[in-house]
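Peer 1: What follows is the residue order along each chain.
2 protein chains.
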Amino acid sequence: MTSIGIVGAGVSGLHLGLLLRQHDVPVTIYTDKTGDELAAGRLLNSVAHHHPTLERERQLGVHHWDAAEYGYVCHHHYIGGPMPLVFRGDFASPSSGIDYRLYLPRLMGDFEDRGGRLAVQAVQTDDLDRLAAQHDLLVVASGRGTHGALFGRRAEKSPYDKPQRRLSVALWHGIVPSEPKGVTLNISPGHGEVVEMPFYSFDGHVTALLFENIPGGDLEMLADLRYDEDPQAFEQTVLAKLKEHYPGTYERVDPSTFAVTRPQDILQGALTPHLRADYTQLSDGKYALAVGDAHSVVDPLVGQGANSASYSAWTLGEAILEDLGFDELFCQRVARRRAEVVEGISDWTNFMLAPPPPHFVALLISMAQHQPICDEFTRNFGHGDRQWAMLATPDRTRTYLARNGVDMDALLASLPGAT
Amino acid sequence: MTSIGIVGAGVSGLHLGLLLRQHDVPVTIYTDKTGDELAAGRLLNSVAHHHPTLERERQLGVHHWDAAEYGYVCHHHYIGGPMPLVFRGDFASPSSGIDYRLYLPRLMGDFEDRGGRLAVQAVQTDDLDRLAAQHDLLVVASGRGTHGALFGRRAEKSPYDKPQRRLSVALWHGIVPSEPKGVTLNISPGHGEVVEMPFYSFDGHVTALLFENIPGGDLEMLADLRYDEDPQAFEQTVLAKLKEHYPGTYERVDPSTFAVTRPQDILQGALTPHLRADYTQLSDGKYALAVGDAHSVVDPLVGQGANSASYSAWTLGEAILEDLGFDELFCQRVARRRAEVVEGISDWTNFMLAPPPPHFVALLISMAQHQPICDEFTRNFGHGDRQWAMLATPDRTRTYLARNGVDMDALLASLPGAT
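So the protein lines, in turn, are chains A and B.
Its first residue numbered 43, the first sequence is counted upward by one per residue in the working numbering.
Its first residue numbered 43, the second sequence is counted upward by one per residue in the working numbering.
There may be inaccurate statements among the hints.
For each label pair, taking beta carbons as the anchor points, the in silico distance ranges come out as [stated by the list, open to error]:
1. Asp203/A with His106/B: 57 to 65 Å
2. Ser325/A with His106/B: 26 to 34 Å
3. Thr167/A with Gly258/B: 29 to 37 Å
4. Gly246/B with Gly447/A: 32 to 40 Å
5. Gln323/A with Gly327/B: 33 to 41 Å
6. Pro458/A with Gly327/B: 31 to 39 Å
7. Leu363/B with Arg100/A: 51 to 59 Å
8. Glu286/B with Glu370/A: 51 to 59 Å
9. Val162/B with Asp66/A: 25 to 33 Å
Hints were generated in silico from the structure; no laboratory data involved.
From the three backbone atoms N, C-alpha and C, an ideal C-beta is built for every residue, glycine too.
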């Protein structure tokens, strides 16, 4: 009987483990923390689950927070500058933001209830050969520590050698939800973005504010501000920066109740996005396959990490269920099948971190003027490959806009400052 | 409006052109022969269309020869040697063999009736840049002449540097069809194979005999035998060789009526299988994409060429219909999407040309003893990727057989001569 070992109990490890358990495949997930430890810990992220990911949850029977109640239905956009652009894109089906300190422990429980083995132990990279000997296939689903480095960095798909944003995310009381309930994507040109997101956490329905601060900009200091040193100063500074840079969210803040939900509901840091090789051969000749953060690390700016990880895990799971061996042919198949989506998400996210080229400016203006274009951009948050197909080159955006009745070159020529 | 140019009016060029015409995409197919010239010419091949290819024909509305009437439903196997193996595998849905001198002209007519432009002109490789300038994408669907050489040979997927069989195929009267109506796959170890195939041609229902002769074997001379020099000697020699090497077919020959249908219904030659790069950049920066023989040339032994070509064309057509540009990103997507099937077919066919390794011997013996195994092998003629997944390594075949209740190692150990 096939036995699969998975290192890492994040969304990719759990979705994979649960899919395999639906088909009675023996699975062990190795993780360094219990669910209780995760639940008691610091905020892990503020990630969105978009419709395709929620559909996978439904197929796994782990969609415990009904998106109709806990989710949100649109993206509000507020693009600052001399002529602010304000517009809304609607999803076809809701997305959702659930605190992973609720989500992951619950799915760990589901996994164990369904016969999965959860081994709580620290796994060092040196241990992987030993673990591999106990399984037919070892899946590395954690980028933690040095595991990721097992899989070579793909330089041609990893354009950055340092973080493009310095991050500060916290959960907040005191922000009136947008109407309709949605994520608000605020851009402060040259300084960064704030993603304001309806979020379900220990305090119930709260708001996540993910500050994506451009190094050297006016907001970078938010990544260094220490809540523990002076909670009030932290909150007042955030409020002042919101007012100055992100009026689209600031206008819904109630200053009298605006406060971080709990001291541990803050996460600050930075990451260098990269794509790694899909698989590697271990010393006993077996292969280890990377999913999730071990394979693709994306900046959280457009909320794609969990969706990439879940898709990748699902694709791998289907291949495990149908194939006859876990050799290099198998690894190549998995790599090919997931590449369009995983690489599309990575390429698109990296594109969004760079200063916007003219064809993206044209798309943003077109979104403000044409609802179908804005809705499609919004829905493509569930289909990063399609988003990238639309943005990868100026020619592609030109063709896309032309099919939607917009003459990109005429639009760009009409802008102030165009020559 | 997108315009697609296709060089070559074989099955890949026509299936692609017809799919695009179903969606009103302007298409020009360049071909060096009219349908009438093809119809009047020499036998082109004796290729089978398996169920997935017939399904594509149905979707295109060009399934003119109903497989229920013109097709066949099984493979009879006759493996010679000291202990001949005789067994039958059944398709789930019929396959079909139609003379391409009927098939291609009919589809060329369909293509023109549906607004496709058929440009009958010799196209030299030097002309491709000029043609590309008239279209948004140029598809090279003909391996004829030097077109294929535009696309680099992929050495790691092209194990042979010379033909592995010398071929002689002709259409015959005087063979009573097998019961149920099927292809008979005869193997004469060390000498080659004959594929006996129900075939529909100008003389109605006839039989194609495709001799796949191993160089240096007793049957190689069949590839050199000239019908025109002495028709009777040709026919008598074929009959004698059938009797000696392929009793599974010989027993259904009526010597009094056994005869080549028409002098032009004979084709002799040899080919070196190879896989080429998926695409190349032309001098104006546009890309040309290879399909069919320009991309993958397979030996006809297991009747896969048309199926690979049709699948490849269909995958390309779907990508053309959904994508926004014909740049390298597009070419990479097409390459990835078709790789599993096209490479699987190529790898499997190349495997079948080599002396059978023990795990394939074990599979053949298991087919003779277990109907589900034999049926699955037979049905996988429509899914070369699945066949290859089963045969690519001894471990894979071992796992497959174990899942079907066969202990491969015990079986091999039980064979005479096993140590």
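Peer 1: Measuring from beta carbon to beta carbon, are Gly246/B and Gly447/A in 32 to 40 Å?
Peer 2: violated (56 Å)
Peer 1: Range first: 51 to 59 Å. Now tell me if the beta carbons of Glu286/B and Glu370/A are that far apart.
Peer 2: Distance hint for Glu286/B, Glu370/A is violated at roughly 43 Å.
Peer 1: The hint says 33 to 41 Å between Gln323/A and Gly327/B; measuring C-beta to C-beta, is that right?
Peer 2: Holds, at about 38 Å.
Peer 1: Please check whether Asp203/A and His106/B have a Cβ separation lying inside 57 to 65 Å.
Peer 2: holds (60 Å)
Peer 1: Against the range 29 to 37 Å, how does the distance between the Cβ atoms of Thr167/A and Gly258/B compare: consistent or not?
Peer 2: For Thr167/A and Gly258/B the Cβ distance comes to about 53 Å; the hint is violated.
Peer 1: For the pair Pro458/A and Gly327/B, does the Cβ-Cβ distance stay inside 31 to 39 Å?
Peer 2: holds (32 Å)
Peer 1: Should the hint that Ser325/A and His106/B are 26 to 34 Å apart at their CB atoms be regarded as holding?
Peer 2: For Ser325/A and His106/B the Cβ distance comes to about 58 Å; the hint is violated.
Peer 1: Take the C-beta atom of Leu363/B and the C-beta atom of Arg100/A, compute their distance, and say whether it sits inside 51 to 59 Å.
Peer 2: Violated, since Leu363/B and Arg100/A (Cβ atoms, about 29 Å apart) do not stay within the stated range.
Peer 1: Cβ-Cβ distance between Val162/B and Asp66/A: within 25 to 33 Å?
Peer 2: Since the Cβ atoms of Val162/B and Asp66/A sit about 59 Å apart, the hinted range of 25 to 33 Å is violated.
In the structure shown, a violation is registered for the earlier hints numbered 2, 3, 4, 7, 8 and 9, in ascending order.
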